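Participant: Now for the letters of each chain:
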Amino acid sequence: MTENAIYVKHATKHFGDFKAVDNLSFEVNKATCFGLLGPNGAGKTTMMKMLTGRVRSDSDNGRIINVLGYDPAKNELEIRYLAGIVPQENNLDVELSVSQNLYIYSKFYGLPHNVASRRISELLEFMELTEKKEARIRELSGGMQRRLVIARALINSPHLLILDEPTTGLDPQVRQAIWDKMRMLKKTGVTIVLTTHYMDEAAQLCDDLIIMHKGEKILQGHPRALISKNLETYVLEILNTDVFSTIEAKGFRTEETAGRLMLYGDRLSSLETVTEPLNAGDFFLRPVNLEDLFLKVTGRNLHD
Amino acid sequence: MTEAVLPQRIVTTPPPLAYRLYSVWYRHIRVYCKHLISNGFPPFVEPLFFLAGVGLGLGHYVGLIDGTPYLLFLASGMIAPSSMFTAAFECTFGTFIRLEFDKAYDGMVSASITVTDLFVGEMLFVGTKGFFFTLAVMSVFTVFGLVPSYFAILTPLVGFFAGMMFGALSLFVTSFVKTINHFNFFLTGCLTPMFFFSGIVFPITNLPEWIQWVSEVFPLTHSARLIRACCFGQFSSLLFFDILFMVAFTIVFGYLAVSRLEKRLIQ
Numbered sequence: 001m002t003e004n005a006i007y008v009k010h011a012t013k014h015f016g017d018f019k020a021v022d023n024l025s026f027e028v029n030k031a032t033c034f035g036l037l038g039p040n041g042a043g044k045t046t047m048m049k050m051l052t053g054r055v056r057s058d059s060d061n062g063r064i065i066n067v068l069g070y071d072p073a074k075n076e077l078e079i080r081y082l083a084g085i086v087p088q089e090n091n092l093d094v095e096l097s098v099s100q101n102l103y104i105y106s107k108f109y110g111l112p113h114n115v116a117s118r119r120i121s122e123l124l125e126f127m128e129l130t131e132k133k134e135a136r137i138r139e140l141s142g143g144m145q146r147r148l149v150i151a152r153a154l155i156n157s158p159h160l161l162i163l164d165e166p167t168t169g170l171d172p173q174v175r176q177a178i179w180d181k182m183r184m185l186k187k188t189g190v191t192i193v194l195t196t197h198y199m200d201e202a203a204q205l206c207d208d209l210i211i212m213h214k215g216e217k218i219l220q221g222h223p224r225a226l227i228s229k230n231l232e233t234y235v236l237e238i239l240n241t242d243v244f245s246t247i248e249a250k251g252f253r254t255e256e257t258a259g260r261l262m263l264y265g266d267r268l269s270s271l272e273t274v275t276e277p278l279n280a281g282d283f284f285l286r287p288v289n290l291e292d293l294f295l296k297v298t299g300r301n302l303h304d
Numbered sequence: 305m306t307e308a309v310l311p312q313r314i315v316t317t318p319p320p321l322a323y324r325l326y327s328v329w330y331r332h333i334r335v336y337c338k339h340l341i342s343n344g345f346p347p348f349v350e351p352l353f354f355l356a357g358v359g360l361g362l363g364h365y366v367g368l369i370d371g372t373p374y375l376l377f378l379a380s381g382m383i384a385p386s387s388m389f390t391a392a393f394e395c396t397f398g399t400f401i402r403l404e405f406d407k408a409y410d411g412m413v414s415a416s417i418t419v420t421d422l423f424v425g426e427m428l429f430v431g432t433k434g435f436f437f438t439l440a441v442m443s444v445f446t447v448f449g450l451v452p453s454y455f456a457i458l459t460p461l462v463g464f465f466a467g468m469m470f471g472a473l474s475l476f477v478t479s480f481v482k483t484i485n486h487f488n489f490f491l492t493g494c495l496t497p498m499f500f501f502s503g504i505v506f507p508i509t510n511l512p513e514w515i516q517w518v519s520e521v522f523p524l525t526h527s528a529r530l531i532r533a534c535c536f537g538q539f540s541s542l543l544f545f546d547i548l549f550m551v552a553f554t555i556v557f558g559y560l561a562v563s564r565l566e567k568r569l570i571q
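Protein chains in written order, with my numbering: chain A, 1 to 304; chain B, 305 to 571.
Quick caveat, the hints were computed from the structure, so don't treat them as lab data. Some hints could be false.
Claimed, not checked - Quick list of in silico lysine-lysine cross-link-like pairs, DSS-like style, CA-CA up to 30 angstroms:
1) A:Lys-9 <-> A:Lys-186
2) B:Lys-567 <-> A:Lys-74
3) B:Lys-567 <-> A:Lys-214
4) A:Lys-186 <-> B:Lys-407
5) A:Lys-296 <-> A:Lys-19
6) A:Lys-9 <-> A:Lys-229
7) A:Lys-19 <-> B:Lys-407
8) A:Lys-133 <-> A:Lys-181
9) B:Lys-567 <-> A:Lys-9
10) A:Lys-250 <-> A:Lys-229
11) A:Lys-229 <-> A:Lys-296
12) A:Lys-74 <-> A:Lys-30
13) B:Lys-407 <-> A:Lys-132
14) A:Lys-30 <-> A:Lys-229
15) B:Lys-407 <-> A:Lys-74
16) B:Lys-338 <-> A:Lys-132
17) B:Lys-567 <-> A:Lys-217
18) B:Lys-567 <-> A:Lys-19
19) A:Lys-214 <-> B:Lys-407
20) B:Lys-407 <-> A:Lys-181
21) B:Lys-338 <-> A:Lys-133
22) A:Lys-296 <-> A:Lys-214
23) A:Lys-214 <-> B:Lys-482
24) A:Lys-74 <-> A:Lys-217
25) B:Lys-482 <-> A:Lys-19
26) B:Lys-407 <-> A:Lys-133
Claimed, not checked - Label pairs and their in silico Cβ distance ranges:
27) A:Phe-18 <-> B:Cys-494: 29 to 37 angstroms
28) A:Arg-56 <-> B:Trp-517: 36 to 44 angstroms
29) A:Pro-287 <-> B:His-486: 49 to 57 angstroms
30) A:Arg-56 <-> B:Ile-369: 54 to 62 angstroms
31) A:Asp-171 <-> B:Asn-343: 33 to 41 angstroms
32) A:His-10 <-> B:Trp-514: 57 to 65 angstroms
33) A:Ser-141 <-> B:Gly-449: 51 to 59 angstroms
34) A:Arg-224 <-> B:Leu-321: 42 to 50 angstroms
35) B:Phe-397 <-> A:Pro-287: 49 to 57 angstroms
Stated by the list, open to error - Calculated from the model, a selection of chain A residues having no Cβ within reach of chain B, i.e. all distances over 10 angstroms:
36) Leu-129
37) His-197
38) Glu-256
These numbers were taken from a predicted model, which means no experiment stands behind them. Virtual Cβ for every residue (Gly too), placed ideally from N, Cα, C.
Using the sequences provided together with the hints, build the complete structure.
Facilitator: Dropping the structure here:
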């Protein structure tokens, strides 16, 4: 039987009249990766902050938030001691060196000096920062800073790792490297909760995810299962607006935006038939992905 | 309805309060000491300039104050503001930058540190700064022969508690501030009058009575009075009220500051 690391039932949060999180319920199994997806302002960060007591949930009847056996309203210190948190913005002490940044945090968790030193070497090795040990933060690239913030969150060997947009703004090499580290951590029994805007990131890492919109849960499930349940298998994107009127779209679900016409279908061959009269640069035929699903359920309008 | 499968509790013991306060204090000391010379030099040279300019220049015309040469009177007064200014700048601009720009507090309260730990630890840090600034200014004045009593060795201790007191007041002010420019109101509107009407540059006993009462509300009046008493080794039982004032002021404003800042950090 799988064990839970997080149990949330009926979590709601208002900021004044604004409902940031609306009656959200989910469970996260131990040593799995759970994703919170949604457009800007969907309530992802608010929900994550509720897990560690940084945001206090509305105290409605029936609300339960339990993280590693603790209620954040009562035992925030215990939860933060057991969890590592990677915030959206890097907040390193820029005056200090890489290893000093980690050492300061080891103090917050009360690690003895020798344990801290050992842990710091391990983490620098793990995050491939050993050579930068004595470097000032200003000398680090964005990717290195991000890796250091993740290393910092791991200093107390957390049972739970919480990441708010871990790879936003990073190059593909760093993103892939960070994903590899996340998978390794999961194998050692660490439970991971993350928010992301990158659908490929969620598809790569998450065992379970929810898509949020305006504070509410819209969908939940394993990324692949969600796609196969809610979408056709293939999508044909037609990029030349001049040919839209000539397309025989009968039998397909279609969607039209300012610059594209999209035909969704389960059979590749029938979509290929549609492409026959088109020029090579006018269309793009591909399997559907999580981003298609995300846009389907949260809409294509801009949210901020 | 099936029963909720709550996660099994992982038994754990975060560090105790005293250690958490120490770790916050340690963080500030480490970051501050990175630029010790540029951070520490100006504040303790400034009283020397003030003393030279006002004490030597104006002192020539002033003569004795309460039987004391003006230069000695002024020197014993000028030790007190050093801990006020260092604490006030640290807990206004410094705190605001950590709060809004560096997001340093976000990181710290993500670790096993509470908001109370954060700001009490910070008050201990500015208390420590007050200790060393007072020690530095007192030592320099001693070298110039301006400190008559050995009891002056107690002034850094007063500096420590004065640092905490002004730290508490400044954190309270910071808890209201939305943009960094607002601090000018506090620094010019509060600290400058306090500097002139706390019996540092001239005794308050000859001022109109209502100003004397206002002066008694100023926290600087009390720390300055204690420091001057140490410098001259002249103690009276009335100083007990100055100590009481400082303790009460620190606790009240410290409490208000922490609870207001908590609302700002924990939504």
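Participant: Against this structure, judge whether each hint is valid.
Facilitator: Now the hints, each set against the structure:
1. Restraint check for Lys-9 (chain A) and Lys-186 (chain A): the C-alpha separation of about 24 angstroms stays at or below 30 angstroms, so the hint holds.
2. Under the criterion of a C-alpha separation no larger than 30 angstroms, the hint pairing Lys-567 (chain B) with Lys-74 (chain A) is consistent with the structure, at around 16 angstroms.
3. Straight-line distance between C-alpha atoms of Lys-567 (chain B) and Lys-214 (chain A) comes to about 24 angstroms, which keeps the hinted pair within the 30 angstroms bound.
4. Taken as a hint, the Lys-186 (chain A) and Lys-407 (chain B) pair is honoured in the structure, with Cα atoms around 28 angstroms apart against an allowance of 30 angstroms.
5. At roughly 23 angstroms between alpha-carbon atoms, Lys-296 (chain A) and Lys-19 (chain A) fall within 30 angstroms of each other, so this suggested pair holds.
6. Distance check on the hinted pair: Lys-9 (chain A) and Lys-229 (chain A) sit about 25 angstroms apart at the alpha-carbon level, within 30 angstroms; holds.
7. The hinted pair formed by Lys-19 (chain A) and Lys-407 (chain B) meets the criterion: a straight-line CA distance of about 25 angstroms does not exceed 30 angstroms.
8. A threshold of 30 angstroms between alpha carbons decides the hint, and for Lys-133 (chain A) with Lys-181 (chain A) the separation of about 19 angstroms falls inside it, so the pair holds.
9. Distance restraint check for Lys-567 (chain B) and Lys-9 (chain A): the Cα-Cα separation of roughly 25 angstroms lies within the 30 angstroms cut-off, and the hinted pair is therefore satisfied.
10. Between Lys-250 (chain A) and Lys-229 (chain A) the CA atoms are separated by roughly 22 angstroms; this keeps the pair inside 30 angstroms, and the hint holds.
11. Under the criterion of a C-alpha separation no larger than 30 angstroms, the hint pairing Lys-229 (chain A) with Lys-296 (chain A) is consistent with the structure, at around 13 angstroms.
12. Restraint check for Lys-74 (chain A) and Lys-30 (chain A): the C-alpha separation of about 22 angstroms stays at or below 30 angstroms, so the hint holds.
13. Note on Lys-407 (chain B) and Lys-132 (chain A): the hinted pairing holds, with a Cα-Cα distance of about 23 angstroms set against a maximum of 30 angstroms.
14. In summary, the hint linking Lys-30 (chain A) to Lys-229 (chain A) is supported, as the alpha carbons are separated by about 25 angstroms, within the 30 angstroms threshold.
15. Proposed proximity of Lys-407 (chain B) and Lys-74 (chain A) is supported: the alpha carbons are some 25 angstroms apart, at most 30 angstroms.
16. Distance hint between Lys-338 (chain B) and Lys-132 (chain A) is fulfilled; the C-alpha atoms sit about 19 angstroms from each other, no more than 30 angstroms.
17. Restraint check for Lys-567 (chain B) and Lys-217 (chain A): satisfied, since their Cα atoms lie roughly 28 angstroms apart, inside the 30 angstroms limit.
18. Restraint check for Lys-567 (chain B) and Lys-19 (chain A): satisfied, since their Cα atoms lie roughly 18 angstroms apart, inside the 30 angstroms limit.
19. As the CA atoms of Lys-214 (chain A) and Lys-407 (chain B) are separated by approximately 26 angstroms, the hinted pair is consistent with the 30 angstroms bound.
20. A C-alpha spacing of about 26 angstroms is found between Lys-407 (chain B) and Lys-181 (chain A), which places the hinted pair at or below 30 angstroms, so the restraint holds.
21. Under the criterion of a C-alpha separation no larger than 30 angstroms, the hint pairing Lys-338 (chain B) with Lys-133 (chain A) is consistent with the structure, at around 17 angstroms.
22. Distance hint between Lys-296 (chain A) and Lys-214 (chain A) is fulfilled; the C-alpha atoms sit about 15 angstroms from each other, no more than 30 angstroms.
23. At most 30 angstroms may separate the alpha-carbon atoms for a hinted pair to count; Lys-214 (chain A) and Lys-482 (chain B) meet this at roughly 28 angstroms.
24. Our distance criterion of 30 angstroms between C-alpha atoms is met by Lys-74 (chain A) and Lys-217 (chain A), whose separation comes to about 26 angstroms.
25. Between Lys-482 (chain B) and Lys-19 (chain A) the alpha-carbon distance is near 24 angstroms, which keeps this suggested pair within the 30 angstroms criterion.
26. About 23 angstroms separates the Cα atoms of Lys-407 (chain B) and Lys-133 (chain A), which keeps this hinted pair within 30 angstroms; it holds.
27. Take Phe-18 (chain A) and Cys-494 (chain B): their Cβ atoms lie about 36 angstroms apart, and the range 29 to 37 angstroms holds.
28. The supplied range of 36 to 44 angstroms is met by Arg-56 (chain A) and Trp-517 (chain B), whose beta-carbon atoms lie about 43 angstroms from each other.
29. Taking 49 to 57 angstroms as the suggested C-beta distance range, the pair Pro-287 (chain A) and His-486 (chain B) conforms, at roughly 56 angstroms.
30. Taking the beta carbon of each, Arg-56 (chain A) and Ile-369 (chain B) are about 56 angstroms apart, inside 54 to 62 angstroms as hinted.
31. Hint check: Asp-171 (chain A) to Asn-343 (chain B), Cβ distance near 37 angstroms, so the stated range 33 to 41 angstroms holds.
32. Here the CB-CB span from His-10 (chain A) to Trp-514 (chain B) is close to 59 angstroms, well matched to the stated 57 to 65 angstroms.
33. Separation of Ser-141 (chain A) from Gly-449 (chain B) is about 56 angstroms and conforms to the stated range, judged on CB atoms against 51 to 59 angstroms.
34. Between Arg-224 (chain A) and Leu-321 (chain B) the Cβ separation comes to about 48 angstroms, which falls inside the hinted range of 42 to 50 angstroms.
35. Between Phe-397 (chain B) and Pro-287 (chain A) the CB atoms are about 55 angstroms apart, so this pair conforms to the stated range of 49 to 57 angstroms.
36. Non-interface status of Leu-129 (chain A) relative to chain B is upheld: no Cβ of that chain comes within 10 angstroms, the nearest being about 18 angstroms off.
37. The claim that His-197 (chain A) lies off the interface holds: its Cβ sits roughly 20 angstroms from the closest Cβ of chain B, which is beyond the 10 angstroms cut-off.
38. For Glu-256 (chain A), the condition that its CB be more than 10 angstroms from all CB atoms of chain B holds, with the nearest at approximately 41 angstroms.
Checked against the numbered hints given earlier, the structure satisfies every one of them.
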